[in-house]
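Per our numbering, residue 87 is the first one in the sequence shown, and the count goes up by one each step.
Please note: incorrect hints may appear among the correct ones.
As the list claims (entries may be wrong) - Here are the computed lysine-lysine pairs in the PhoX-like style, where the Cα-Cα straight-line distance is at most 25 Å: (1) Lys233 <-> Lys130; (2) Lys686 <-> Lys652; (3) Lys199 <-> Lys186; (4) Lys714 <-> Lys982; (5) Lys576 <-> Lys318; (6) Lys708 <-> Lys318; (7) Lys233 <-> Lys171; (8) Lys199 <-> Lys221; (9) Lys130 <-> Lys115; (10) Lys221 <-> Lys130; (11) Lys576 <-> Lys506; (12) Lys318 <-> Lys376; (13) Lys635 <-> Lys860; (14) Lys447 <-> Lys357; (15) Lys195 <-> Lys221; (16) Lys686 <-> Lys635; (17) Lys318 <-> Lys383; (18) Lys115 <-> Lys171; (19) Lys896 <-> Lys866; (20) Lys235 <-> Lys199; (21) Lys238 <-> Lys635; (22) Lys186 <-> Lys233; (23) Lys233 <-> Lys221; (24) Lys452 <-> Lys516; (25) Lys635 <-> Lys652.
FYI, nobody ran anything at the bench for these hints, they're computed from the structure.
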Amino acid sequence: MEWTLKRVWSGAELREHWVLSDEEIQLLKGRSAVGRVLFAYMLKHYQLYARFPSSLSSVSTEVIDFLAAQVSANFERLDNEQALKRSMRDYAQEVRAHLKLRRFDQTGKQDFKNWLLSELLPQALEPHRVTAEVKAWFSTQRYELPKAKALKRLLGEAERIFEIELFESIVGALTDSACTALNDLLDTTPRPSKFSRLRSGPGKPSLESILTIIDRLQLIRQIGLPSGFLDKFPTALVARYRQRAGSEDVWELRRHPEMTRLALLAIYSAKRETELIDDLVETLIGITHKIAVRAEKRVVSELVGELTKVNGKTTLLFRIAEAANAEPEGSVRQVIYPVVGEQTIADLVKEYRSDGPAYVKRIYRKIRTSYAQHYRRMMMPLLSTLEFRSTNLWCQPLLEALSLLRCPHDAASRYFPIEKVAVDDVIQPKWRECVIENSARGQERVNRINYEICVLHELRAKLRTKEIWVENAGRFCDPAKDLPQDFEAKREEYCQQLDLPSSAEEFVRTLSGQMQTALTEFDQGLAGNSSVRIKMLGDKARISVSPLKAQPEPPNLQALRDELVKRWPVTSLLDALKETDLRVGFSQHFSSTASRQHLKGEELSRRLLLVLYGLGTNMGLKALAAGKNGVSYKELLYLRRRYIHADNLRQATRLIANATMQIRQREIWGDGSTSCASDSTQFGAWDQNLMTEWHQRYNGRGVMIYWHVDTNATCIHSQLKRCSSSEVASMMEGVLHHCTEMEVDRQYVDTHGQSLIAFAFCTLLDFDLMPRFKGIARQKLVRARPKSEQSYRHIDPLFANRPIDWDLIKQQYHEMIRLASALYTRTADPEAILRRFSRGASTHPTYMALLELGRAAKTIFLCRYLNSEQLRQEIHSGLNVVERWNGVNNFICFGKAGEFTSNRLEDQETSALCLHLLQSSMVYINTLMIQDVLSDPVWAARMTERDWAGLSPLPHSHYNPYGEFPLDMEARLPLHDLELAA
């Protein structure tokens, strides 16, 4: 468990945790100035941490100053350390008496265990949240927190009891036949074993992948697991044991006691079924898209040689009409060809065929050929495996079509009577002529193969927006499960959580006022704004913004980088990682997925550092095992499987980010930042999986890593994403769930990181979205009130035709809060929520209300953006930081040309997080090195204002990631023992 003290406090955090009540201030009467501050600190420290501090060495100056201001005292630290400790002991006794703290005896220990078993452990919280909950329990129950070793022993005992009870509950729900089938998964007589087959990845979207996934699903369903037997357990708890079972091989699973083995296999199989259903749906979506795209590419390539663009068609038409009118009885060759030309006529015909209905039919014929000759084999197994559901009335025709295709009686039919099939909302108008044919008797009928293609394409669209969902799926589950189930009962609490008014009228009144103020300020300031102009092109207004002036090059930063090279030449990245761990201790928080661990202390940390370095640099583990570190490849591989997973890595990167923020010296780096920039960068990756995609922008296959980096180059969050995934969703995920001490209130993004929906959700989630617009000339403002009620002197030409529909926002206000609460409480993934509003939702009232809210929020931002060159410079500078962060990625992740050489999603995500950890460690050490240099008064005096503004902890010319990799845990980097760095 993590018990580090927070050292960087924002104003809001100080007011939340360190404000003294009137009753507490009364306790300070009669004390000296130092005594008042010290007593107040001891009191509030216990309330926050449930224990008393042993010294003031790690206390934040912001906290002391904040308390001193409340008690009207000027606090000066005592020079006599013994007197200070004696005073702290005395004040601790007084606080104990005042709060009536109880002795943590056997009764208290039993109460603590009961609370752990019934409330805390079932939630399977992340380590830092467990720490917070334990502190809160001790504070509420008025017990003083015991020492770390005793507390760890109590937690361990409770965890063992909880696990036994959990496994007994799961195995008790299984039938004898299910237990036998689960044990059969580990039978190694058939090679590979059934368990190994289940663990394999889905492969790239193809017919073979679909059939393989269906085979694995049937294998799990033959076990006969009880329906919903894991529903009563929290998702996070089930996911933790699924991860444990997935990290073990057949031999290790067979060594467990029978109850443990059966419980782990049951959890793994149930979760794997959900994952396989998701994979199957993803593969279906990918294949359907691939069939259409490949067909269109083939048609386009065929037409390239045929297509000749004909210009001046109006003139040609006049000539043809004039010639035909003059000689109506003549032949085409005698009358038309002399005027226009035979080749021109042929070109006109080719152009029409390539750009009209004939072009659509040509593409459809390619799609039909590909589907009928190859992909059609997946249709019946797919329909018999997946259960599609929908509560939307307009999706019922598609569900009826799926039922018709699933019916075995019609399997051999080539045609359906038109009255038997659903036509509307299933067959696209452009394909209607290809699907509906006339029989020899002149009766309309539906071609079955063509109808199946239409059903697949429509199904793909509905699955992506979750208008149709799949039974027992995870990502493609019932969309109602994405939303808080208790929203109606706890609406007020959710509004308070989001810091929003419960009244829609109050929300609209506040937002409307902000919008009118922003528009007025922009209109009044435009005349004196030399960098922004409105240009008229015909009857259209365009915004013209002068480019930002290039800032002068900082005169001393290159010399500072040279000084780093001089003081710490050829520093090993592995040594930087080791030094970070020795100071931060992040390796101590890596827990094994196994029930027990044998490696302890320094040896475990040493091996973990080798594994993290091998994965972060993308060299792999064999290169590290080949050195002089006395550890084999198999030993490193064991740690990789048992310790290196996403939860542990995110915990480690969080600790490093927090430590970096804590060691920053304010006079060098400025006040704590609440601004963050986000951007993505592409990495090459093997493509036999559902994550890797080909992207035209990068002209290659790969995956994206989406980074969130603060203005001082500390990365607070990273995500592995598809190239085609929504950057808006990634942006919101990082802001809401980065888990560091930083509170983000400003988020800088490029143009593709914003949208109207993004502006709407950012307004509801209480942070400012600040994009750098690429097409600023095309942007439009929106009126808060109709033009007849309010007009503006300078900016009237920039407004869109329609003002904001405030009534619609009021009507859908609580539905929008429900969606925002789902994002905030993590009941839904941001991408799942945003997909609902990306396609096919143009008439949904909540979608329309979000668009209106987004238009209002975007107008407010545009007014501020155009009115302030300083704001534009701030956004540009913030995005430059994350782009510099991206530039260092290739320096660190140099192995295998920076390509992720695994087809397992878990391996790719692990590589991305290890890169994040290694680069964050470099930033941490660079921060200490730069502070070490600038502690020299001579160097500090050389720094100019431009030097301070351009200072970054990202220089890496003094590092060497290559060569041999010896790891000596005793050797340290020659850094001064700064107080905050220790």
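Consistency of the hints with the structure:
1. Lys233 <-> Lys130: holds (19 Å)
2. Lys686 <-> Lys652: violated (37 Å)
3. Lys199 <-> Lys186: Given that 25 Å is the threshold and the Cα spacing comes to 22 Å, the pair holds.
4. Lys714 <-> Lys982: Holds - the C-alpha atoms of Lys982 and Lys714 are around 22 Å apart, at most 25 Å.
5. Lys576 <-> Lys318: holds (22 Å)
6. Lys708 <-> Lys318: violated (43 Å)
7. Lys233 <-> Lys171: holds (18 Å)
8. Lys199 <-> Lys221: Given pair Lys199, Lys221 holds - Cα atoms ~14 Å apart, limit 25 Å.
9. Lys130 <-> Lys115: Judged against 25 Å, a Cα distance of about 17 Å means the pair holds.
10. Lys221 <-> Lys130: holds (13 Å)
11. Lys576 <-> Lys506: violated (47 Å)
12. Lys318 <-> Lys376: Violated: Lys318 and Lys376 sit about 40 Å apart, past 25 Å.
13. Lys635 <-> Lys860: holds (17 Å)
14. Lys447 <-> Lys357: Given pair Lys447, Lys357 is violated - Cα atoms ~43 Å apart, limit 25 Å.
15. Lys195 <-> Lys221: This hinted pair holds, its Cα atoms lying about 14 Å apart.
16. Lys686 <-> Lys635: With Cα atoms ~56 Å apart, Lys686 and Lys635 exceed 25 Å; violated.
17. Lys318 <-> Lys383: Between Lys318 and Lys383 the Cα gap is close to 50 Å, so the pair fails against 25 Å, i.e. violated.
18. Lys115 <-> Lys171: holds (21 Å)
19. Lys896 <-> Lys866: The given pair, whose Cα atoms are some 23 Å apart, holds under the 25 Å limit.
20. Lys235 <-> Lys199: holds (16 Å)
21. Lys238 <-> Lys635: Status violated; Cα separation ~58 Å.
22. Lys186 <-> Lys233: Holds: Lys186 and Lys233 sit about 20 Å apart, inside 25 Å.
23. Lys233 <-> Lys221: holds (12 Å)
24. Lys452 <-> Lys516: holds (15 Å)
25. Lys635 <-> Lys652: Violated. Lys635 to Lys652 sits at ~34 Å, over the 25 Å cutoff.
Violated hints for the displayed structure, listed by number in ascending order: 2, 6, 11, 12, 14, 16, 17, 21, 25.
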